[in-house]
Amino acid sequence: MKRPGLLRAILGGLAGGTAGGALGSLGATLGAAEDTDPFLWAGVYLFGLVGWLWGVGALGPWFAWAAGRIDRIAPEHGAPGVRRYFEFTTDHKVIGVQYLVTSFVFFVVAGLLALVMRVHLALPGSSILDLHTYTTFMSIHGTVMVAVALISLSGGMGNYLLPLMIGARDMAFPRLNALSYWMLPPAALLILSSPFAGGLDSGWTAYPPLSERLPLGQQFYIFTLITVGASSILGAVNFLATFLGLRAPGMSWSRVPIFVWSIVAMSIIALITTSVLAATLIMLLFDRLFGAAFFDPARGGDPILYQHLFWFYSHPAVYIMAVPGFGAILEILPVHARKPLFAYRLVVGSFLAIVVLSLVVWAHHMFVSGMPEALAGPFMVLTELISVPTGVVFLSALGTIFLGRLRLVTPMLYALGFVSTFVVGGLTGIFLADVPTDIALTQTYFVVAHFHYTIMGATIFALFASIYHWFPKITGRAFDERLGRIQFGLFYLAFNAAFLPLFWVGLHGMRRRVAEVPPETIGANVVSSVAAFLLALSVLLFVMNIVRAWARGPRAAANPWDAHTLEWRVASPPPPENFRVPVTVVGGPYPYGLPGGQHVMPEALE
Amino acid sequence: MPVARHFAVIGAAWVIATVAVTAIVLNVPILPAVASREGRISDGAFMTLLVAAIPVFFLVHAVLLYSVWRFRARTAAGDGPPIGGHRTLEAGWVAVTLVMVLALAAYGWNGMDEMRSGGAAAAQQVGHAVAGAAGLPGHGELRVKVIGSQFAWRFEYPDLGVKSVELRLPKDRPVRFEITSPDVLHSFWIPAFRTKQDAVPGRTITLLVTPTAIGRYAAECTVLCGAGHTVMRAPVEVMEPAAFDDWVTKQRAAAQQ
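Chains as they are written, first to last, in my numbering: chain A, 1 to 606; chain B, 607 to 863.
These aren't lab readings, by the way, just hints derived from the structure by calculation. Source: prediction; values computed, not measured. Just to be clear, a hint being listed does not mean it is correct.
What the hints assert, rightly or not - Among chain A residues calculated to face chain B with C-beta under 8 Å, some are:
id, residue
1, Pro209
2, Arg338
3, Glu373
4, Ile430
Cβ atoms here follow ideal geometry from the backbone N, Cα and C, with glycine treated the same way.
Based on the provided sequences and hints, a complete structural model is requested.
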């Protein structure tokens, strides 16, 4: 019990939760609140979170440091072997894996909820789920998947790769980095327990006044998103500081791998917008707990204000999810096409243009909300303009593979699959940015199909591409290539079979977030449901491949793909603190086809 | 093989696929029946965007599939040519996408203005045709108050003195919906009309629609309004103006009894 660890974290969480619950109840009683439960559970969560973080060892060192007891702070590279993944550690590579595995677990959990919903929708007239349970499952599926898409690539691959790629020994603030990870498990537990607290009937968007009238489960949603947001802000600060301060000698801005640029762009967006979401949710919480009436029209508030604030974060959030996906794909394509990245500078400029434009497009979610009509036109134009920098991603991808020598290994297949699926997501986005078509299509399954093609077609395809591509680096082992290709084929086909029919379903009048299927769309919905199970099967194949390879796959070389970026120039897996000898960067990251072309000196770092 | 040959093959495949699929798309009914003036504008915009999207889709897939087929490495060794970019191509790509996007945005803005005009011209045209029947006020727009509440719709015709749980509308007469809610957000949508508008508590928001086809439809809620959201719908019927007047007369008589 003296050492921080999972057990102490759980006990700390329980102790904090008990104390917080007592404090919350006491406060509610003293304040003569009608219902003490919301205060009790607010106390349980907030103090439980602090207790958990204290127990796991995320807070102690800072207090020791503040108290001048630096001698008490031990280096925390964690235990050897598998155990380090279950402990507080400051090693960015371990934290990256923790992010990846945690977000994958929740990807599976939220995916299983989707399967239950798809069964319900495929059997018209069924009563597998009642309306309330269906809506709760749908809301949790949406909220958890949004969180997964936000943190899996950037938190997982970003943490693992960014320091390695720029030649740093770790992140700029390793303890902050660990803290931002360890905030997430309590938040995940909270949202998953909302069905036991009255459910969640307001979707992942939680529009008031409905969200101010729903039971305690809605409050769980609020605390979950605030926690994920806080974690995201800390992560963004850390990425930016690391990028700005810890690049190896010679790593000028034009020699930085494109994935790093995508994480930088993502971090700027997250840093600017996430605090707005947190503030919005705190206002919603104040409405619920203290009758603050920010958004309740019955007491002088404005529900449309909430939508402006919510989408000011939540549309840029799409780019927080997607831009690291762009970066990962454009990082992987040159390696397996054996060609330099096409139009590198234009891509970097496009990422930064996306940062700026993402801040001024939010109201395209609100064309039918009742906002002033004069806003619709400008937001339509600005939203459509963002397809110009996004289009550059396609130029770069296609320019890179054209005339290349393509190795169609599993990560490459996923990268090519990304190009194929994300173009559908991008093109259907124009229909939803255009006012005359959006008025018809918004709030229907056309939107559901569209955002699955963008978020899944971009971020999740990029996540699979990244896991396959960097798996040999992370684990030092090779996965089964044949099984990987089969898994990709099944995933690609099942993905399209599951979501392409939903465009048609939406055009034929199926509304979002409803638990029944219009009669004329039953056939298409059944196809989608069957394909959803094939999608699940392919995820199962992926898990089997990865788990088996990690446990007893053949050893992988340090640089099995013959790539140039820095992470491939150290051992697989890389040692703690990454580099044993000083690194000097002497050229661009993709010197493919250039005789004697070098990215780093010395050639061998091991 | 010179680069020009690659481009020729890709270009040919692109043109063939684009022309073939565009021909199919224009000759197969993709959208369900439409029943309003505004819906026709929306459907026209949908088809325009679809036709604009097809060449983009096939350009990306033509280069993608050609590269996979033609540039697949058959031996392990060797890199491709060190081409890091192409200034003219990059500038051209950005310029073309920018022009396309601005053209589509201008087209969208135009359609938006047309939808919002509420068929003012149409109102003048049909005003005389529907006037005077059964002594009801028949000129210009028909005002209908739409009240969405958890989990049902109510309709009021303030100029006609009718309240109803079903929506009846005369064909070809512009309707001014005044939409509101006493509780939470809802959204008023008749799929065959295409247009929709949120019902916001504390506000009354106007939506102008001119029904153009006789038939039975449904008004549905499209903003998640609680567990009963799924079942929040009301019957809608677009009728001949004379039949509508009869219905109004009967409703009034029933209300007076």
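Notebook entry, point to check: What hint numbers does the structure not satisfy?
Noted result: Of the numbered hints, all hold.
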